[in-house]
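Colleague: As a plain string of letters, each chain reads:
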Amino acid sequence: MTTSPLKLVCPTPSLLNDRVQLGHGSGGKMSAALFRDHFLPAFANDALLRLGDGAVVNVGGVDVVVSTDTFVVSPLEFPGGNIGSLAVHGSLNDVAMMGARPVLLATGYVLEEGFSLETLDRIVRSMGDAARLAGVPIVAGDTKVVERGKADGLYINTTCVAVADAELSPSPERARAGDAVIISAPIGRHGMAIMAAREGLAFETTITSDSACLTGLVDRLRTERIDAHVLRDPTRGGVASALNEIAASSCVGIELDESELPVPDDVRAACEVLGLDPLYVANEGVLIAIVDERDAERALRALHAHPLGATARRIGRVTASHPRVVSLRTGLGGMRIVDLLPGDQLPRIC
Amino acid sequence: MKYLTEYRDAGIARSLIDRIKRTATRPWTLMEVCGGQTHTIVRQGLDELLEGAIEMIHGPGCPVCVTPLEQIDKALTLAARPDVIFTSFGDMLRVPGSDCDLQQVRARGGNVRVVYSPLDALDLARRNPDREVVFFAVGFETTAPANAMAVWRARELGVKNFSVLVSHVTVPPAISAIMESPDNRVQGFLAAGHVCAVMGWTEYELLAAKYRVPIVVTGFEPLDILEGMLMAVEQLEKRTHVVENQYVRSVRREGTPAARLRVEEVFELADRKWRGIGEIPMSGLKLRAEFSEYDAESKFGLGDIRVSEPVECHAGEVLTGKLKPPRCPAFGTRCTPERPLGALMVSAEGACAAYYHLAKYRDEPAETRAAS
Numbered sequence: 001m002t003t004s005p006l007k008l009v010c011p012t013p014s015l016l017n018d019r020v021q022l023g024h025g026s027g028g029k030m031s032a033a034l035f036r037d038h039f040l041p042a043f044a045n046d047a048l049l050r051l052g053d054g055a056v057v058n059v060g061g062v063d064v065v066v067s068t069d070t071f072v073v074s075p076l077e078f079p080g081g082n083i084g085s086l087a088v089h090g091s092l093n094d095v096a097m098m099g100a101r102p103v104l105l106a107t108g109y110v111l112e113e114g115f116s117l118e119t120l121d122r123i124v125r126s127m128g129d130a131a132r133l134a135g136v137p138i139v140a141g142d143t144k145v146v147e148r149g150k151a152d153g154l155y156i157n158t159t160c161v162a163v164a165d166a167e168l169s170p171s172p173e174r175a176r177a178g179d180a181v182i183i184s185a186p187i188g189r190h191g192m193a194i195m196a197a198r199e200g201l202a203f204e205t206t207i208t209s210d211s212a213c214l215t216g217l218v219d220r221l222r223t224e225r226i227d228a229h230v231l232r233d234p235t236r237g238g239v240a241s242a243l244n245e246i247a248a249s250s251c252v253g254i255e256l257d258e259s260e261l262p263v264p265d266d267v268r269a270a271c272e273v274l275g276l277d278p279l280y281v282a283n284e285g286v287l288i289a290i291v292d293e294r295d296a297e298r299a300l301r302a303l304h305a306h307p308l309g310a311t312a313r314r315i316g317r318v319t320a321s322h323p324r325v326v327s328l329r330t331g332l333g334g335m336r337i338v339d340l341l342p343g344d345q346l347p348r349i350c
Numbered sequence: 001m002k003y004l005t006e007y008r009d010a011g012i013a014r015s016l017i018d019r020i021k022r023t024a025t026r027p028w029t030l031m032e033v034c035g036g037q038t039h040t041i042v043r044q045g046l047d048e049l050l051e052g053a054i055e056m057i058h059g060p061g062c063p064v065c066v067t068p069l070e071q072i073d074k075a076l077t078l079a080a081r082p083d084v085i086f087t088s089f090g091d092m093l094r095v096p097g098s099d100c101d102l103q104q105v106r107a108r109g110g111n112v113r114v115v116y117s118p119l120d121a122l123d124l125a126r127r128n129p130d131r132e133v134v135f136f137a138v139g140f141e142t143t144a145p146a147n148a149m150a151v152w153r154a155r156e157l158g159v160k161n162f163s164v165l166v167s168h169v170t171v172p173p174a175i176s177a178i179m180e181s182p183d184n185r186v187q188g189f190l191a192a193g194h195v196c197a198v199m200g201w202t203e204y205e206l207l208a209a210k211y212r213v214p215i216v217v218t219g220f221e222p223l224d225i226l227e228g229m230l231m232a233v234e235q236l237e238k239r240t241h242v243v244e245n246q247y248v249r250s251v252r253r254e255g256t257p258a259a260r261l262r263v264e265e266v267f268e269l270a271d272r273k274w275r276g277i278g279e280i281p282m283s284g285l286k287l288r289a290e291f292s293e294y295d296a297e298s299k300f301g302l303g304d305i306r307v308s309e310p311v312e313c314h315a316g317e318v319l320t321g322k323l324k325p326p327r328c329p330a331f332g333t334r335c336t337p338e339r340p341l342g343a344l345m346v347s348a349e350g351a352c353a354a355y356y357h358l359a360k361y362r363d364e365p366a367e368t369r370a371a372s
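Protein chains in written order, with our numbering: chain C, 1 to 350; chain P, 1 to 372.
Just chain C, same shape as in the assembly (with noise of 0.2 Å):
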């Protein structure tokens, strides 16, 4: 092989990871350590060092739970839903995977100069429609405007504010062996209807987005005084992500029965064009219930009893062995690891 003595040097000879990169956000690997490595430090304190979707800090007696999100979607109006019916769901949902009420929402806006009002007239009423939905009021706001050029037409800022219940406090350290895995909805509806309407990727769908609020789904399960050990809402790095992380907190390991996995023909199908898994794709209507066995037929008569849930199952089962590991039945009885992705899922070539 050819040997040269010129070594060539990116264009910032300098530590190999010394700038933001765009899979810190992707919800994997990357953005665990961005948190672990640069925000911990400088703000450690016993709230925040659970680690949860929301904090929660004890205010005159009564446990109020909190937890904002910052939305930053492109295209900012997609089939299914916008970036404002998005930021407003996000945030209620952090909080009702906390088992918590939600009380009230505020609202940051960071609008570009030239911006067009009709289009932001669209996305606030439907995060009024969102809000008055889900019985929670937007109580305050914030705006500010950039120059053209510095943001993307329009970034959002959520915040909601929550009173905890003391009869159902799921947290991502209590899946046990022998819990039940339920999935309320299909999944990778919100990742593939963004990734259609994105401008470049010449396939057409009718792929909508799934999102929506889950407070209604977890109020079901509160009737039905199912303890939950862990709700979540499998976001950014989808399904395989947020039971990594669960996998993780529980030290336990997670079995998926892929036969199971519900996932809709046109999501597999678009999936399959572009080489991504769906268990990778982000959700914004989907709640992952992680419950005792024998509460296990119970919670899926609760959730099937609500519109979000009508076609909820069992996807898998949380085991004792291989801890800190999602494992995966494959449709032909084989076994694969469903690991935490470095960064952004990256569509392969072949």
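These are computed hints drawn from the structure, not numbers from a lab.
Careful: at least some of the hints might be erroneous.
Straight-line Cα separation of at most 25 Å, SDA-like style, residue types lysine to any residue; simulated pairs [claimed, not checked]:
id	chain 1	residue 1	chain 2	residue 2
1	C	Lys-150	P	Ser-98
2	C	Lys-29	P	Glu-180
3	P	Lys-324	C	Ile-138
4	P	Lys-324	C	His-322
5	C	Lys-150	P	Lys-210
6	C	Lys-29	P	Arg-108
7	P	Lys-210	P	Asn-161
8	C	Lys-29	P	Glu-293
9	C	Lys-29	P	Lys-210
Part of the chain C face toward chain P, derived, beta carbon under 7 Å [as the list claims (entries may be wrong)]:
id	residue
10	Arg-19
11	Ser-116
12	Leu-117
13	Thr-119
14	Leu-120
15	Gly-331
16	Gly-334
17	Met-335
18	Arg-336
19	Asp-339
Have a look at the derived ranges for each label pair, beta carbon to beta carbon [said to hold, decoys possible]:
id	chain 1	residue 1	chain 2	residue 2	range
20	P	Arg-14	C	Leu-104	33 to 39 Å
21	P	Glu-265	C	Glu-260	31 to 37 Å
22	C	Glu-113	P	Gly-278	50 to 56 Å
23	C	Phe-39	P	Arg-14	46 to 52 Å
24	P	Gly-278	C	Ala-310	40 to 46 Å
Bear in mind that the values here come from a model prediction, so they are computed numbers and not experimental data.
Virtual Cβ for every residue (Gly too), placed ideally from N, Cα, C.
Please arrange chain P on chain C, whose structure you already have, making use of the hints.
Modeller: Frame of chain C, contents of chain P only:
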């Protein structure tokens, strides 16, 4: 789903696995040539289901894995230029170059975009006449027709700000190199169905006869691969060595003549380096002289970039089946999916990444397996 679920039927898969196990009187070592087949084998756990009957060696047919460091470094140099929009298939973005990868170049301000087709890159060039658009033309004979078409169209349309960084390799010379290596263990090949859909299999008839090795043109779905394995094992048991076609729904003996013609019109055979393996004579494609204005290497004067592979990455031995990834001294320690030394650790179908995850499942830390 039509055309997919019927090739993933669990019942038929089980009966094929039984037939393979009944047919094999001894364990046979097969190589699947294509990374897409490796992907299916690993995802479905086929290797595990056939343990004892067939050992699969994952072949060099992953374009991501065999693109040499030198070409990656050239890509990084181009992507960092302010006047360039660098376009690539998605899975090339994380392949490590000497000092960084395309994602990191993008984070530093490089304009790097994922496209699904080289023709999309050509469109991008037409929409951005003030920028140079470069497409990273990697891959085997499968991607060659589309890449040839993009260059051909660019000339037809008179687009001047489009060029391709070519890193095309071809399968038959790699099969020869594997069969001629002194410690070769491969006894039969599953040839890559989509490569053959373009090129046909006449070249493979010569290889099967010369090396007395069965070659089965095989598809990518689980049942395709199991049927291909069964056909290869039946040949090995009968001591025959011919080319057979499992992938009859896509491949004909002569391939796709229109695609071959376009490839031959735009490209010619050339010596190519393979990552970890080294240079194999006449194993790749380069642009013909009449298309040289679309050659990014000459357009941007990259000919001087010469890089040697990191000595610690044993990709070549892994790609030729001589070294199992866990036996590599860097495996799981200095080489992980987050900080890969070579491309085999990058994508899920890379052999090193596959073993890395397997080690985790077997409750053994990768580090201790590497040391064992």
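Colleague: Does each hint hold? Answer for all of them.
Modeller: Hint by hint, here is what the structure shows:
| no. | hint | verdict |
| --- | --- | --- |
| 1 | Lys-150(C) to Ser-98(P) | violated (32 Å) |
| 2 | Lys-29(C) to Glu-180(P) | violated (42 Å) |
| 3 | Lys-324(P) to Ile-138(C) | violated (58 Å) |
| 4 | Lys-324(P) to His-322(C) | holds (23 Å) |
| 5 | Lys-150(C) to Lys-210(P) | violated (63 Å) |
| 6 | Lys-29(C) to Arg-108(P) | holds (21 Å) |
| 7 | Lys-210(P) to Asn-161(P) | violated (45 Å) |
| 8 | Lys-29(C) to Glu-293(P) | violated (42 Å) |
| 9 | Lys-29(C) to Lys-210(P) | violated (48 Å) |
| 10 | Arg-19 | holds (4 Å) |
| 11 | Ser-116 | violated (22 Å) |
| 12 | Leu-117 | violated (27 Å) |
| 13 | Thr-119 | violated (23 Å) |
| 14 | Leu-120 | violated (27 Å) |
| 15 | Gly-331 | holds (5 Å) |
| 16 | Gly-334 | holds (2 Å) |
| 17 | Met-335 | holds (5 Å) |
| 18 | Arg-336 | holds (5 Å) |
| 19 | Asp-339 | holds (5 Å) |
| 20 | Arg-14(P) to Leu-104(C): 33 to 39 Å | violated (56 Å) |
| 21 | Glu-265(P) to Glu-260(C): 31 to 37 Å | violated (50 Å) |
| 22 | Glu-113(C) to Gly-278(P): 50 to 56 Å | holds (55 Å) |
| 23 | Phe-39(C) to Arg-14(P): 46 to 52 Å | holds (50 Å) |
| 24 | Gly-278(P) to Ala-310(C): 40 to 46 Å | violated (58 Å) |
Hint check: violations occur at hints 1, 2, 3, 5, 7, 8, 9, 11, 12, 13, 14, 20, 21 and 24; the rest are consistent with the structure.
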